[in-house]
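Participant: Read top to bottom, the protein sequences are chains A and B. Sequential numbering of the first sequence, starting at 1, is according to the working numbering. Sequential numbering of the second sequence, starting at 1, is according to the working numbering.
Some hints here could point you the wrong way.
Claimed, not checked - Just some of the chain A residues that point at chain B, by a computed CB distance under 7 Å:
no.: 1; residue: Ser59
no.: 2; residue: Ala69
no.: 3; residue: Glu72
no.: 4; residue: Ala73
no.: 5; residue: Ala79
no.: 6; residue: Ile80
no.: 7; residue: Glu95
no.: 8; residue: Ser100
To be verified - Stretches of chain B that chain A covers, calculated by requiring three or more beta carbons in the stretch to come under 8 Å of a beta carbon on chain A:
no.: 9; segment: 126-139
no.: 10; segment: 160-170
no.: 11; segment: 190-197
no.: 12; segment: 226-232
For the record, the hints were derived by calculation from the structure and aren't laboratory data. Each residue gets a CB set at the ideal place from its N, CA and C atoms; glycine is no exception.
2 protein chains.
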Amino acid sequence: MVTLFPRRKRRSSLSRGRSRHPNPDQVVNRVGLSELTPDLPHFLGQAAYLQLSFFEGLSRAVTTAPSTASKEAVSRVAAIALGRHHELVAELEREGESPSEAMEPFVGPIDAFQLRTRGSDWFEALLGYYVASGILDDAFAGIAEGLSDDYAERIARLLSNEVAHDIVVAELRAAIDDNPRLASRLALYGRRLVGDVLLVARSALDLPKDTAPDDERLEPVLTELIAAHTRRMDDLGLTA
Amino acid sequence: MVTLFPRRKRRSSLSRGRSRHPNPDQVVNRVGLSELTPDLPHFLGQAAYLQLSFFEGLSRAVTTAPSTASKEAVSRVAAIALGRHHELVAELEREGESPSEAMEPFVGPIDAFQLRTRGSDWFEALLGYYVASGILDDAFAGIAEGLSDDYAERIARLLSNEVAHDIVVAELRAAIDDNPRLASRLALYGRRLVGDVLLVARSALDLPKDTAPDDERLEPVLTELIAAHTRRMDDLGLTA
């Protein structure tokens with residue numbers, strides 16, 4: 001299950017091969033995230049629990065930070081994730097939904113995701129948040145475009161806070177400068193995470209149940225998510 | 001060192017004995033917290049790190065909450081502690097102090113306090129926060145009265161948010177209602193904590209270095225803190 005990304009890469013030559021002999025059905029099937037937007041409680045429940053899960057990972061990183069200054073810096077990022085969670089919960093409440101009921105279906109899968117991707121130390125934990133929230137905040141903002149205009153805008157604004165990104169980049173760059181050997185370990189760890197993260201992104205989509213899941217169909221969207229991820233890894237001086 | 005409270009109790013009959021034969025020196029020595037207010041960076045650094053430490057304990061309680069609804073509820077309390085921490089850090093920055101340098105002297109003692117008082121499960125962890133923040137928020141608000149009026153008011157407002165109290169009471173009362181045997185365990189655990197908590201309150205005071213620490217001198221203040229603590233335990237239906 002965690003091989004989505006490697007498979008995707010291996011398939012991409014096949015995909016290029018196919019596009020030279022285009023299959024009209026397949027072209028029609030190529031969709032953006034906003035065409036696979038699930039119903040609102042599903043979307044908000046999953047997005048809310050995901051931010052809570054980010055918060056939990058970040059709060060562990062607050063506790064294990066290597067210095068008081070880093071602890072303080074990461075606590076800002078934790079506050080941002082927790083703030084997003086509470087705003088999404090407020091959206092659920094506005095819709096008359098029970099937040100805990102809306103989040104419940106996602107608790108098992110997202111807890112398992114968090115456990116697989118929590119990293120073996122502070123640096124990996126922080127990179128894990130950086131990679132996962134980078135890709136998934138993009139993905140959820142994309143999916144939100146399939147909601148009403150009002151929602152699309154609110155969710156995009158909610159998820160677009162650059163402060164968290166900047167703090168994490170500053171912390172990780174400083175750590176890598178202090179210990180250049182960290183770079184290759186973190187680059188490898190980042191690469192390991194991407195498959196798991198993309199599976200979460202995919203689980204957020206309302207893929208038609210009677211169609212075999214088809215990575216091909218999501219290819220352009222995944223390519224965009226990966227391109228943005230690659231730019232974020234560049235910001236750290238790491239290869240994606 | 002953790003016997004401050006039991007000793008205080010044992011001494012209280014002695015204290016009552018003495019008050020029947022009052023010693024004028026001793027009466028003069030009886031002081032309120034605001035007469036023992038340390039310098040501003042000390043006060044803000046300790047208060048800020050304490051709230052960060054509360055946040056760390058609460059964020060563990062978010063992770064270990066027995067249900068998604070409780071997780072969500074405790075995350076509100078964690079956000080409040082983290083918000084207080086960030087407001088106190090902002091005060092340090094306004095004073096031109098480095099927040100991490102101002103907090104540094106308190107990291108060791110407060111981390112040790114957190115470790116001793118984190119509880120063996122979610123219920124004890126939540127009660128631990130309730131007892132510690134109950135007493136210490138009162139104590140720090142009292143100590144802040146020795147700062148400028150402006151500070152005294154800001155700090156009191158900062159620490160007086162009742163939402164955290166109400167959420168914790170609702171969670172713990174529900175847990176105790178579900179499992180009445182929890183009541184005696186939590187009452188015992190609460191009693192065990194008070195000594196450690198009062199030592200933190202005391203470490204926040206600027207006690208003259210050439211005087212042997214004298215619990216007697218602080219007795220009226222401790223009595224007030226304990227009375228408020230007892231009322232908070234009543235709110236849970238527990239004996240203090």
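Participant: Taking the hints in turn, state whether each one holds.
Facilitator: We went through each hint and held it up to the structure:
1. The beta carbon of A/Ser59 is positioned within 7 Å of a beta carbon in chain B (closest approach about 3 Å), and the interface hint is therefore held.
2. Nearest Cβ of chain B to the Cβ of A/Ala69: about 4 Å, under the 7 Å cut. The hint holds.
3. For A/Glu72, the interface hint holds, the least distance from its beta-carbon to any beta-carbon of chain B being 6 Å, beneath 7 Å.
4. Annotation: interface hint on A/Ala73 violated; nearest CB of chain B at approximately 9 Å, more than 7 Å.
5. The closest approach between the C-beta of A/Ala79 and any C-beta of chain B is roughly 5 Å, which is under the 7 Å cut-off, so the hint is satisfied.
6. Interface restraint check: A/Ile80 against chain B, minimum CB-CB distance 10 Å, threshold 7 Å, status violated.
7. The interface hint given for A/Glu95 is broken, as the beta carbon of that residue sits about 16 Å from the closest beta carbon of chain B, more than 7 Å.
8. For A/Ser100, the suggested interface contact is upheld, since its CB lies about 4 Å from the closest CB of chain B, less than 7 Å.
9. Here's how the segment 126-139 of chain B fares: 0 of its residues keep a CB closer than 8 Å to some CB of chain A, so the rule of at least three is not met and the hint is violated.
10. Using a Cβ-Cβ cut-off of 8 Å, 0 residues of the segment 160-170 of chain B lie near chain A, which falls short of the minimum of three, so the contact claim is violated.
11. Remark: the segment 190-197 of chain B is not confirmed as covered by chain A, as 0 of its residues place a Cβ nearer than 8 Å to a Cβ of that chain, below the required three.
12. Under a criterion of three residues with beta carbons nearer than 8 Å to beta carbons of chain A, the stated coverage of the segment 226-232 of chain B fails, only 0 such residues being counted.
Violated hints, listed in ascending order, are 4, 6, 7, 9, 10, 11 and 12; each of the other numbered hints is respected by the structure.
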